[in-house]
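Participant: Sequence:
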Amino acid sequence: MKNQAKTIVENMFAAFSSGDADKFVATVSEDTVWIYHGTQIIPAGTFEKKEGVRTFFTNIMDRTEIINFEPQQYIVEGNMVVVLGREHQKVKRSGRELKQKWVQIYTVENNLITRMEEFATSEEVTK
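The opening residue of the sequence shown carries number 1 in the UniProt record's numbering; numbering runs sequentially from there.
Wrong hints could be hidden among the right ones.
[Said to hold, decoys possible] Okay, the calculated beta carbon distance ranges per label pair: (1) Ala44 to Lys90: 17 to 25 Å; (2) Ile75 to Gly38: 36 to 44 Å; (3) Tyr74 to Gly45: 35 to 43 Å.
[To be verified] Think about it this way: if two alpha-carbon atoms lie no more than 30 Å apart in a straight line, the pair counts; the simulated DSBU-like pairs of lysine-lysine are: (4) Lys6 to Lys99; (5) Lys50 to Lys101; (6) Lys90 to Lys49; (7) Lys90 to Lys23; (8) Lys23 to Lys6; (9) Lys23 to Lys50; (10) Lys50 to Lys6; (11) Lys101 to Lys6; (12) Lys90 to Lys101; (13) Lys23 to Lys99; (14) Lys49 to Lys101; (15) Lys50 to Lys99.
Note that these hints are calculated values from the structure, not bench results.
The C-beta atom is built at its ideal place from N, Cα and C for all residues, glycine as well.
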């Protein structure tokens, strides 16, 4: 049987990949907290409640073109889902391309994401 918490996280990733902010936000609880620890290039931030998560999503979509987004491994323990992945994006304003490797830790309660914490590293792609 597939873990329900993993399914919720996969649904959130599908909404992210399709650029659907409403479906993305629908996967989180009213009191969710998302903590992004930042990278060498991208600043840290904390996003609270559904509107904070919407801001997290729109900041990414408005400022970058996602070239590749790839969750690579899922580790599931009860209602916690740890995802290891990587992405490649282009900053719209500057044209800089960045590659990131990340670990995201999700807590899912009542079929909604109540917490996300991301640790990432990034590097600029040189041509």
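Participant: Give a verdict on every hint.
Facilitator: Hints versus structure:
1. Evaluation of the 17 to 25 Å hint for alanine 44 and lysine 90 yields a pass: the beta carbon distance comes to about 21 Å.
2. In this structure, isoleucine 75 and glycine 38 break the distance hint of 36 to 44 Å, their C-beta atoms being roughly 23 Å apart.
3. The beta-carbon spacing between tyrosine 74 and glycine 45, approximately 24 Å, falls outside the hinted interval of 35 to 43 Å.
4. About 25 Å separates the Cα atoms of lysine 6 and lysine 99, which keeps this hinted pair within 30 Å; it holds.
5. Taking the CA atoms of lysine 50 and lysine 101, the gap is near 25 Å; set against the 30 Å cutoff, the hint holds.
6. Between lysine 90 and lysine 49, the direct Cα distance comes to roughly 28 Å. Compliance with the 30 Å bound is thereby established for this hinted pair.
7. Between lysine 90 and lysine 23 the CA atoms are separated by roughly 24 Å; this keeps the pair inside 30 Å, and the hint holds.
8. Between lysine 23 and lysine 6 the alpha-carbon distance is near 16 Å, which keeps this suggested pair within the 30 Å criterion.
9. For a cut-off of 30 Å, the pair hint linking lysine 23 to lysine 50 stands: about 11 Å separates their Cα positions.
10. Taking the CA atoms of lysine 50 and lysine 6, the gap is near 20 Å; set against the 30 Å cutoff, the hint holds.
11. Distance hint between lysine 101 and lysine 6 is fulfilled; the C-alpha atoms sit about 20 Å from each other, no more than 30 Å.
12. With a CA separation close to 15 Å, the supplied pair lysine 90 and lysine 101 stays within the 30 Å bound.
13. For the suggested pair lysine 23 and lysine 99, the alpha carbons sit about 26 Å apart, so the restraint of at most 30 Å is met.
14. At roughly 26 Å between alpha-carbon atoms, lysine 49 and lysine 101 fall within 30 Å of each other, so this suggested pair holds.
15. For the proposed pair lysine 50 and lysine 99, the alpha carbon gap of about 27 Å is at most 30 Å, so the pair holds.
Hints 2 and 3, counting from the list given before, are not met by this structure.
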